[in-house]
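Chains A and B, in that order, give the protein sequences.
If you use this note's numbering, the first sequence closes out at 368, no skipped numbers anywhere.
If you use this note's numbering, the second sequence closes out at 309, no skipped numbers anywhere.
Bear in mind the hints are in silico, worked out from the structure with no lab data behind them.
Using N, Cα and C, we set each Cβ at its ideal position, and we do this for glycine too.
Check the hints yourself; a few may be wrong.
Unchecked claim - Pair ranges (Cβ atoms, derived):
1) B:Ser179 / A:Leu58: 33 to 41 Å
2) A:Phe22 / B:Arg244: 36 to 44 Å
3) A:Gly331 / B:Ser76: 26 to 34 Å
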Amino acid sequence: MAADVAPRGVPEGAVSSDVASFRSRFESVGLRLPSQRLSSRDLIASCRHRVGIDLERLTGIRERRICSEGEDSYSLALDAAWDCLGHSRHEASDIEMLLSCSITRYKGPDVFSFEPPLSLAIREAIGASQALHFDVSNACAGMLTGVAIVDDFIRRGVIRCGMVVSGERISSISDNATRDVRTIFSSQLASLTVGDAGAAVILERAENGAPGIEAVEFATYAEHDHLCIGKACATAPGATMKTKPRKLHDVAIKSAVPTLAKALEKSGLRFDEVDHVIPHQTSVRAIRAGQKYVKQELGSMAKNVIFNLESFGNTASTTHFVALYQQLQEGKFTPGEQVVLLCYASGLVVGAVVFSVDELVERYGHDH
Amino acid sequence: MGTIIEAVGVAERTRGLRRASSVELAARAALQAIEAAGCDPSEIGLLINVGVYRDENICEPAIAPFIQRRIGVNPSFSPGAPTAFSFDLRNGVCGLLTGIQVLDGFLSSGVAKRGLLVASDIDPTPRVSEGVEFGPVGGAILLRASPGANGFTGFHSETTGKHSNLFDGHVAWVGEGRSRLALRLGSNHATRIRQSEDFVAQCVECAARAIEGFLAARDLSLDDVDLIVPSASPAGFAEALAARIDAHGRTVLTPPSNVGLPHTAGPALALAAAMGGERYREARNVLLVAAGAGITASVALYSKQRDVG
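My request is simple: use the sequences and hints to build the entire structure.
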């Protein structure tokens, strides 16, 4: 039951990047999507006011998954954790650190759970009984913030294996927005782009110089903390989210470039040597505009930009791993390819995780 | 390399504010610590907020950026200027010790030279809450990477998942059946905290096991520890822990009775009270202890030279 974090094989008190330096890698990814689908057309039709917005054309989102009765943040996270273990060589008992990183914390109908942390319930349910556990909250950058923490523990040699998980039942902001959205300029318009999903990822120490996570870079530009705020809804169950989407997008892309540049520099890569970029999935237009700006600033562009929002919308903190999972299942990656997970999230948080794909590809797309 | 405590700040009320604010409490505690350390806020590269019960039940973004902006820790983008990374970490009353562990890692990896931990809780839904007994209290701990051998030298956590029902804190919708007018006027989400009678006793048991496990793994005993500083929350924890493991009252420092009723800021309040005293100044090593919902208990060993605060 103990979660001792004395470093293995490293004298106590001597844990530093100078003494022990390992590399971590993504060993397994897990996914849970609710089965219920909601098209953008049906969502707009359910709006109280005649809004006359072609949401699909505006955002590129044709449909998203939404929770049914009995599904919540916790159940999505737990199912994703199980799926992740199903694709992994590791047993739950190997997991030394387990972080739950969702924005939403529904455990039971309309119960937003704060204590004990959701990571404890997941830890107990999957039997990761030696794992140090806690929750992380960092808007849509939650899972990647979790990755940054677990990566640091693995790099220092403190742990060998950790799991980052998130379940987002975030569609209540969409339900609540349908009562208020009137025009394309509504502060709740962005709430109509979200979808529910659970995702999990296992990180492990990459042995014998194997490739893995090359760089993790983050910055929070808190002067923009007010551009997107989600909180408990005053008049209905669930939450509401108010956003200034254009401003948010503008500052996000501009702020993300130096962080991306720093991550590429640490990885020793030019941007055109990157095979795939998975940006946070907001809208096709926003991603394309961002692409153009980044190309102009960095002077080059990655070979492929991955979009998956057509079928899933913006699944909040899980977005990068939902996309990664789909790509793996469809056999889109080749070992040795370089991938960048690029995030911009309320706060304003910008981040980039650069990694090499390796044997991860072999465990997807065959019998799953 | 070690991670040392530069300063601790505490804010127990937000004078001049109509309502207590978790952001303001954390910010005031943080500014106190920054001032005491004499450091420039731009030198802080990491900020972790571990508070649980926050203003307006905001769930996005994290609360840390609001605090970051309020205290002026690199909030703006400017080419070549230093940046900071901030986020929330939640682990109940153990959050501060877990946060120290995470920051200690990032600092020793060279991510930043200074890191700031903040904790604060308020009652987000004052008129309709149930079981909220903590007061509006904030705490902050400023950490710095140090070239010496002093600093945090070990962490350990112990969890007893079977007792997860002894403390439950959540926000639930309570507006069902209310009229539209009542919905517009009222608080329709209520904060509910349920703490069973057995909770503190089980926290003490879990903490005692964590301490024993931590010391045994290092071939140490309680006699090797100069001072144990238990969290000032939950109420009664420190005193019960002292009675459980320290019959002679030599090692466990219980917080003075004039501190407020903190929740996640409990370890910071206890540390602030301890740091003002002779026993802390004399101690070569200090064991910080916290326990909370889960039940999870965390310990962190801090090694210091005598007379160095």
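Worksheet item: So does A:Gly331 sit 26 to 34 Å from B:Ser76, Cβ to Cβ?
Response: violated (43 Å)
Fill in: Distance restraint evaluation - B:Ser179, A:Leu58, Cβ atoms, bounds 33 to 41 Å
holds (36 Å)
Discussion item. Tell me if the beta carbons of A:Phe22 and B:Arg244 are separated by a distance inside 36 to 44 Å.
Written reply: holds (39 Å)
Hint check: a violation occurs at hint 3 only; the rest are consistent with the structure.
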